[in-house]
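Model the full assembly from the supplied sequences, consistent with the hints where possible.
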Amino acid sequence: MAGPTLLKESGPREVFCGLTSIVWLHRRMPDAFFLVVGSRTCAHLIQSAAGVMIFAEPRFGTAILNERDLAGLADAQEELDRVARELLQRRPEIKTLFLVGSCPSEVIKLDLARAAERLNEELQGQVRVVNYSGSGIETTFTQGEDGALAALVPMLPSSDERQLLLVGTLADAVEDRLVNLFDRLGIHCVRSLPPRQSTDLPALGPGTTVLLTQPYLTETARLLKDRGAKILKAPFPLGAEGSRAWMAAAADDFQVPSDTVADVLAPLMERASKALEPHRKVLAGKRIFLLPESQLELPLARFLQRECGMELVEVGTPYLNREQMSEELALLPVGTAVMEGQHVEQQLDRVRSSQPDLVVCGMGLANPLEAEGITTKWSIELVFSPIHGIDQAGDLAELFSRPLRRRQLIQPALHPAGSVHPIHN
Amino acid sequence: MELTLWTYEGPPHVGAMRIAASMEGVHYVLHAPQGDTYADLLFTMIERRGKRPPVTYTTFQARDLGGDTAELVKRHVREAVDRFQPEALLVGESCTAELIQDQPGALAQGMDLPIPVVSLELPAYSKKENWGASETFYQVLRGLLRSQAPEKASHDPTAWQNQGRRPRVNLLGPSLLGFRCRDDVLEIQKLLTMHGIDVGVVAPLGAGVGDIRRLPQADLNVCLYPEVAESGCSWLERTFGMPFTRTVPIGVGATHDFLVELHGLLGMTPPSEEEGYRRSRLPWYSESVDSTYLTGKRVFIFGDGTHAIAAARICSEELGFTVVGLGTYSREMARPMRAAARELGLEALISDDYLAVEAAMADASPELVLGTQMERHSAKRLGLPCAVISTPMHVQDVPARTSPQMGWEGANVIFDSWVHPLMMGLEEHLIGMFRHDFEFVDGHQSHLGQAGGTGMGSEQATTSESTPSESDLIWTADGEAELNKIPFFVRGKVRRNAEAYAREVGCREISSETLYDAKAHYKA
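Chains Y and E, in that order, are what the protein sequence lines are. So the first sequence is numbered by the working numbering: it starts at 1 and just counts up by one. So the second sequence is numbered by the working numbering: it starts at 426 and just counts up by one.
No lab work stands behind these hints, which were simulated from the structure alone. A portion of the hints provided could be inaccurate.
Below, simulated DSS-like cross-link-like pairs (lysine-lysine); rule was C-alpha separation at most 30 Å, straight line [said to hold, decoys possible]:
1. Lys109(Y) with Lys552(E)
2. Lys476(E) with Lys286(Y)
3. Lys8(Y) with Lys476(E)
4. Lys8(Y) with Lys233(Y)
5. Lys95(Y) with Lys8(Y)
6. Lys377(Y) with Lys476(E)
7. Lys8(Y) with Lys499(E)
8. Lys944(E) with Lys910(E)
9. Lys476(E) with Lys499(E)
A short list of chain Y residues far from chain E (calculated; beta carbon distances all over 12 Å) [what the hints assert, rightly or not]:
10. Thr5
11. Pro58
12. Arg114
13. Arg177
14. Leu181
15. Arg196
16. Ser258
17. Ala262
18. Ala284
19. Ala337
20. Pro416
Predicted, not measured: the structure shown is a model, and the values here were computed from it. The beta-carbon is built from N, C-alpha and C at its ideal position, and this holds for glycine as well.
Written as structure tokens, this is what we have:
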């Protein structure tokens, strides 16, 4: 079959675990608290990834297991009840409490579902308690959001109402804009999962059509389908082309006349094309290497190649769900190396030998590569920035052109001709 | 189980990473799941390192747990040794791997590798980062030096006198993610050079395996950061008989004491007491008249043990502040911290709950906070000026310029960075004097703006009301007039004193006479 070349490797990985997704999930639902049941490492991971100190009191925390819990001197379930009560007493505004499993809690088989059930009974609906796993032995980075949303699916009320459900966290402004555009297309009932208030859960049923906003929601999609929802197949809404196809898929399902779609979206596409132009000038012909991390790598690669004219050296992805990614894979050039999994050392060897113009990678690797003279874009920014939709295509391209422009700006002065690029350490 | 919203210290294996990443030619194989690789960013983003920490994570997954995770460890050890060719290998585990009990250290030691293997057992469910750093440094010393240990420790720190060379000392403790370690090392090297003392090895920062092996060739060890190096220094003392210095040279007085201790151990004549006055600007800057406004400033101190204890001494003895709160998150330093607090008539706060620290800070109503980055945020919420004196590390704590805490230059840096956040006495005085002039641009404030640390904010809040919030007291017109003659920066305090006095003597009206009575009462 023509298409990208699908490869696999395994070995030491350099990726975040699913707990990291708490960083954006808690911002989406300001009435929810995420309580990780884990170790000091979990607490340190989240605070290091999130720059926690800006909060007076963050809406996430860790119930740190200690030796007494592990040795069975204390009943871990009772301890968890105590910690949850202490927390809810201090934060009465919390409406939903997520108990988040971690590597240690999974290894000792601490049953968080049981804990959630018990606490739900005790709290009698004042606070809803939900559990899911963000452990690094089972989940990668953005997969944590899949777990959290999947845990909410059984709580969604049933309804036969005809509606469009957008699934996956979007920036509020982006969501408003998309809802407005769907409205102009004639799709008036648009709901979101996760909702802005954790108690405002959308209803679900045979009349529901789902558009996934993010490419990492495999389990959530499966559960939604089981509840009778129809999951649309489309490229993901990154870049103008992908976003247009994504919206068109919904329009098609709602039998919106194609003339209407063209009328509404054509001016947006034209504007996006103008917005992309300056970035295309910087990016066209440049070679990019994407290391696996956020699971957004395939749609990003498609956007950067087709709309910005970049050449794809290698597209890494932590894991590959071929069915969910089929539309994306179909849009990649024949022979593109798509690497599933990671052997970080071998992958860095390939980065060095291919000398790409830009590498997308995690924060642990960015400065070391920069110090070797390789320009990078850290991928965590992609999950924090509003990048979805036709209107954001220019901003998305800018995230990639900026590091290249910056290098052009400062390189001549900082590295006069003939000077050797030093390795900083 | 303990509810933690934020933590001052990472897990102990991060401490081990700090030692491994500080050294040259050392590699650390860490049996850990993929999420633990976040720790790399502490070095590459926060400390802005252009090198990855020398760590191989086994990144085992749930599906590996049913199979042979021991074989997985061995494969990663083999690959790491082949690829990185280290001169010594550290092998350990993080919290999750500790639960599956693969004993990676023992596994690696059984692999017949051509290099020394140091096995690290760092209990993740009871210990923290600094303990992990200290234990790792100790295990590295022990692992690399044990074979050289003499039967009976005999070591003469004054032996240099008969060997036709200058005295030589090692600097132990500086590490990555330690507070200003990079600059402290430079400053202490400079200080020792001025006294004719050579530096043998600096470790762990920048030390290779060969450097560790020649540690015993020095006359003694300087323990710069007890949190990291004290247990290692004690082992070198027990095993090789090498003494080590206990004084941490932060502040003018402590730097002098350090030099006296060092010269004494080396059999040298102690330096003159005048040296600090000549070499550092802190003493004169503190004596100069502009600094009189520093007198009795209430300061709240919280940080790691070493820096907080040093700060308390500098504040009380060298800057004339009043220490109103003192504490640390390092449980290992609880004993010396309690002693230091007792000397100041305080009870030490030993806690790793930042909300408890914030509550204590609010309670102590300080005018200046010296703390970690977290206290900087708490202080901001309370509208208090703050300077950062300790880890946990933040990208701002790794400045581009040289900015030591130790030695004579360190004292200069400390003077500037602790005094500048306070409203400058003279500057604020002038603003107060001229604020009613027509040339005065409204909104001219010091860098602290409205949230300033002196009485200015509260003074503005109260002058507009003719009746204070406690309506049981009435200010007469001539009382108000008299009050307004008093410089603004003490007006709030005078108002409070007068009201307290009036209540005490049971008088409802405050006139100019009451003001003078109160003044006499409080000065008496």
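Each hint tested on the structure:
{"no.": "1", "hint": "Lys109(Y) with Lys552(E)", "in the structure": "holds, 23 Å"}
{"no.": "2", "hint": "Lys476(E) with Lys286(Y)", "in the structure": "holds, 25 Å"}
{"no.": "3", "hint": "Lys8(Y) with Lys476(E)", "in the structure": "holds, 27 Å"}
{"no.": "4", "hint": "Lys8(Y) with Lys233(Y)", "in the structure": "holds, 25 Å"}
{"no.": "5", "hint": "Lys95(Y) with Lys8(Y)", "in the structure": "violated, 43 Å"}
{"no.": "6", "hint": "Lys377(Y) with Lys476(E)", "in the structure": "holds, 17 Å"}
{"no.": "7", "hint": "Lys8(Y) with Lys499(E)", "in the structure": "holds, 22 Å"}
{"no.": "8", "hint": "Lys944(E) with Lys910(E)", "in the structure": "holds, 14 Å"}
{"no.": "9", "hint": "Lys476(E) with Lys499(E)", "in the structure": "holds, 25 Å"}
{"no.": "10", "hint": "Thr5", "in the structure": "holds, 25 Å"}
{"no.": "11", "hint": "Pro58", "in the structure": "violated, 6 Å"}
{"no.": "12", "hint": "Arg114", "in the structure": "holds, 15 Å"}
{"no.": "13", "hint": "Arg177", "in the structure": "holds, 32 Å"}
{"no.": "14", "hint": "Leu181", "in the structure": "holds, 37 Å"}
{"no.": "15", "hint": "Arg196", "in the structure": "holds, 23 Å"}
{"no.": "16", "hint": "Ser258", "in the structure": "holds, 45 Å"}
{"no.": "17", "hint": "Ala262", "in the structure": "holds, 45 Å"}
{"no.": "18", "hint": "Ala284", "in the structure": "holds, 29 Å"}
{"no.": "19", "hint": "Ala337", "in the structure": "holds, 22 Å"}
{"no.": "20", "hint": "Pro416", "in the structure": "holds, 20 Å"}
Of the hints listed earlier, those the structure fails to meet are numbers 5 and 11, in rising order.
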